[in-house]
Structures are given as structure tokens and as C-alpha cells.
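Residue numbers (the working numbering), protein chains in the order written: chain R, 1 to 388; chain U, 1 to 287.
Since the hints were derived computationally from the structure, they do not count as laboratory data.
It should be emphasised that the depicted structure is a prediction, and the values quoted were computed from it without experimental measurement.
One or more of the hints may lead you astray.
Selected chain R positions facing chain U (in silico; Cβ < 10 Å) [claimed, not checked]: (1) LEU87; (2) THR204; (3) VAL240; (4) LEU256; (5) ASP261; (6) TRP315; (7) HIS384.
Here are the simulated DSS-like cross-link-like pairs (lysine-lysine), alpha carbons at most 30 Å apart as the crow flies [to be verified]: (8) R/LYS99 - U/LYS37; (9) U/LYS37 - R/LYS109; (10) R/LYS302 - U/LYS37; (11) U/LYS194 - R/LYS380.
Don't be surprised by glycine CBs; every beta carbon is placed ideally from N, CA and C.
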Amino acid sequence: MTQSLTRDELLRRGLAGGAFLTLPGLLAACGGSSAKKATSTTAAAQTLPRTITFSNWPLYLDIDEKTKTHPTLVAFQKRYGVKVKYLEDINDNDTFFGKIEGPLSQGQKIGRDLIVLTDSSGLPGRMIDLGWLEKLDKSALPNIKNLQPTQAHPAWDPNRDYSLPWQSGMTGIGYDPKLVGGDITSVDDLLTNPKLKGKITLLTERADTIGLVMAANGDDPSHVTDATFNKAVAKIQKAVKSGQVRQFTGNDYAPLLAKGDIYACFAWSGDMVQLQADHPGLKWVLPDSGGMIWTDNMLIPKGGNAYAASVLMNWYYRPEIAAQVEDYVNYICPVVGADKVLLKTDPAVAKNPLIFPTKAMLANVHQFDAKALNNTDYTKKFQHLIGG
Amino acid sequence: MRRRFHRPKGAIPYLLLSPGMGWLLVFFVVPMWYLAKTSLSSGLFPLFSFDWSFGNFSDSISQYQSQFIRSGEYAAIATAIALAVSYPLAYWIAFRGGRWKNLFLLLVIAPFFVTYLIRTLAWETILSDNGLVVRLLRDVGLVAPGGRVLATSAAVIAGITYNFLPFMVLPLYVSLEQIDHRLIEAATDLYASKPKAFMRITLPLSLPGVFAGVLLTFIPAAGDFINAQLLGTPRQYMIGNVIQSEFLSVRDYPTAASLSFVLMAAILVLVLIFARILGTDRLTVSA
């Protein structure tokens, strides 16, 4: 759900894809010997494998447009003398999980050392419960100290034994003030204002859509009960029946909003940063009643090399490396100190509240109830809601 | 004189069949077996256990009846439109195309050089609320002022029709192209009017193409979910959308598997009825 690409970018990137997949290999080959020194300083018994395989979402790592390589990854490979196979093959939490679920349930490896999944999909917690994840090797991960304190103890992995945030994002309302005829800051307004009939979309991610509506109802999205869940579903149902809601979307709301087919929608912060680059008139707000926050987590699937994956995580938890990634990615950075680095290199990014949210914003966002995410009954109800 | 040729004996025919059969066994029969087993299982992901839960079938039919019916309706309408559009087109190419025949056929399949998803996304732009097409439709009064085409049943059906059109055109073309023109000449020589010659000669001889085209269009259209997802709203969702979300989002594999079987069975029954109406024996002989 974090893919923030516009269609143009996707196409552009797709063309480049063939070229840069092969590059890390070539670069690793000339990576050199300085690398080995670095590894020998850490736990003596541990050695890095020849290759680390890292699956991530598209457009989620800094890239040099000229050489089509990822500078931070190239630097890692040079330093550690290890080849990183970087795959951008996660487009959707559920679809990717569907792909790896078969082999993992049979106790087979999936050929990846590191994957990235969203907490609000419920899948990271699910995989811990199923025993499908390796523990982080914290001896190789001293930089975990740079993790934002607010991110340190999620309910589904209280000590961050199995997961580490890659990026976070907020869910709120994206809109075109010209078409709406002013600002829109309330979810109820979005769902009932007759001027917006057939001109709004909600998200197919249940944590986002249900969460925002729950908050608007005055209920707490981080403690879901049957009553509050049903209340939110009933409210959305009403808006669907009346024709107020045009569609439920993934991040394909972006072109609709850009073209003016919809006036307002539930939208992700990072998408809006990128949309605003081409459409400066568009706005994004946290609703008065509060927004949602979610985090994409790095995870080590069973059979992956926990030590190697942890060394790579440690690299991305250096503030100067995280800052380089952030300068390109535009979601919320989980690494303390990255903003200080960016203040020098790219102050516009460091000061953008959608990338480094203010304390007031962070106080106004909710995390969705981890237990409710894996409640099959809720999932079914929500799927029925968005499926007619 | 002794016949020089005799039917090949022993293993040769089977050897020739074996690659195809092996392929089907591994990639069709085996998955079907697992799907069948899953459809009769119960439990919560990922621990499904096989226990002859026939209830999955009745549950999935009663719960998703409207999506089943909608899939049938949309696929039938799209197939009918595709047939109405394709027949004159294929006829014209076959009988009047002359030396440009191949070029015209190429134009028919040219959109297929672009992937299915991109073609459907293009329709999102074509039918955009502020786009040229919708503005034109508003001007001539086919769409109410302030109305839209995108996110309606019309958009979904239009998308399905467009995406499967070549599957209709090509078989129609093949059967029309094979017709011996002398038969039509003979009919007109015997004082049949042109429409009558068409009804008595051309149309019956092209039926195998109609049969193949209808099947090739209807079957994938009934199981489609991309068009409903991109061009429709939840109220346009077809059974394919339900199966997809049951597999990937709800992860209720037994329900998804039983829905798949019901869909396959429904299509099979419809195809058999259709074949019965058109008369399969004649079709298989001439095809």
C-alpha cells in the first residue's frame, strides 16, 4: 500500500528495470577487499554470505537516474564486499504474501533474506505468530538505538525482535480545494456532503478506511470492538448505498485526483508529496478527528540469513544513509538524526511536515488495532462492504 | 494389391500425445486436484483441514449469488455486442479486404501488443469525467449533465467488450474466409436474393466461427475481474473480484476454491446448452 508511484514513474522505472537489476552484481565484483576488514570486527564466528537478497516496494530506495543504481546500496556493497540482489517485487501486501505463503507453510525457503511488509496489513504480526520469521541479530545491529522511540514497541512485536521499520506514512484526506470549493477537514463531511456525491474514493486497506471512520465516530481505532467496528461499517455502507462513494482504491486514486475525476479521497501522505510536485494545487490534511499512521517493516523470512540481513538493516539505520534514502523516498523516516543531516543537504525535505511530521501531527494519528487486523470476521465484513 | 499404409500400431500415438498430456497433467490436473481438496476443507488460514465440507458450496452460492448473476449478465452482454460488432467487420475483411486482408487483421490484433492491464487503464483515461468522450456524450444527451461513464456498468461492459473483441473477430474471420464463393454465386444464380443467400449460405457456414468466437469471448469475460476493478465500483464487482479477494485478502481458501468450481461448472453448463442449440456435430465436422 505504500507504493507511491504515479503511472508515468512506474513505466519509466519499468523500462530501466532490466538494466539495473544486473548492475549490483557487476559492482559487487569490483567491490574490493577493504570490505572484509569491516566484517571481521563484528562477531567473529559470523561471516557474510556472497549474496543478500532484499525484496522491497518499487520507488522505495534512492536511485541515481543516470546510472540506474542505488547509491546507498552500492556503497554498502563496496564496504562489505557482498552482493545485494535488490528486487522491487512487492506491490501489494496481500499479493506478495500469497506468493510466499505456499513455500513458507511447507517449511521451504523463499530465496529472500529481507522483505518489507506493512504493519496495518496484519501480516507482520501474523508471520511472527506462525513462526515464519527469523529473529533479528541484534549483536550486528547496534544502530537500532537510532530507532524513533515512538516506533520501538508496537503491540505485535513489543521488543522489535523480528522487525524494524523501513518507512512510515500517514493516511488522511487528499483533495482539490478548487473542485471542493474550499477546505475539507472532516470525514463526516466527506461521506455526506451532497456536493461531493460520486466524487470521493476510500481505500481498500481496511485499517485505513475503517480507522479513519472510527476516529470520526469518536471511537479508538487502536482498540477495536465489535460495536465500534460495526458502527464504522454501517456508516461507510450508507455512503456507498447513497452513491457518495465512487470507488475503493489502492493508490490508483492518485491519477483520478490529478485528473479531477474525484474531488477528495482518503489518501497516503507520501503519495501526496509526489503528486504535489506536478499538481501544486492539491492538498492533504489529517482530519480533525485524527488520521492513521502505518509502518512498512523489514522482516527476515524463515530460512533467510539473519546475520546478513541485520548487517544490512544496521547500514540503513545510520542517519547519513537514512537521510540519503529519505531525500528520494519522501515518506516518514524512522531513523533519529536523519533530519539533522538533511537540514544541511536538502532543507526543503527536512522541513516538509509530511516527511518529518510535527509533534502535533504525530499526536493526532492512530495506529490500527493489531488484533483486529487478523480477525477473519472483520476482514469478511469489510470485503463484503467494498465488494458490493 | 496390398495396402501400403496401415494404422500405426503400439506406442507411437501415445508417445506423440505424451508431451501435451504431461503438460496438462502437471499444470491442470494436479492443481485442480488441490483446488478440489481445498474447496472441501474447513478451518482458518493457514491450517485448513480436509473434511468433506460440502457446505462451502451452498454457502458461497447463496452469499455471492448477485455477483454470479452479474458476471453472467455482463459477459453475455459483452459477448453479444462483440458479436454484433465483429461479424460485419470480419465479413468485410474476408470478402472485401482483398490484398489488404492481412493488414486489417494485424490492426485487429495490434492492441494485443500492449498488455491487458495497460489497455484497461487507458480506458480509465478515455472515459474520464472531463474527457472528450464523456463531454461528447453529454452534448448529445446520452449522458446526463454532470453524469459519468467511468465507474458504471456501462464502462465495465465496454471494457470487457473491447478487451476480448479480437477473440471474436479472428474465429469469425477464419470461418467466413473459408466459404467457397461459388456457393453464394450458385444461390444467386438460382434467384436467391442477396439477403436470402446470406441467410441460407453464408450465415450457416460461418456458425462454427460464431460458436468458437462466443466461447472464446464469454468464458474469459465471465471470470474477468480487472475491468470491474478498474472501470467499475463495488456495485459492479463480478465473481472474479470475489474470488480474488477471498484468496488474497480474506485468505479463506476453501470459499475461494468452491467459488472457482461453481464458476467453472456454471460456464460448462452454459457451454453445453449453447452447443446443443447450435448443434455441435455439424460444427465439429466443418470446423
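(request) Hints the structure violates: just list their numbers, smallest first. (result) 1, 6 and 11
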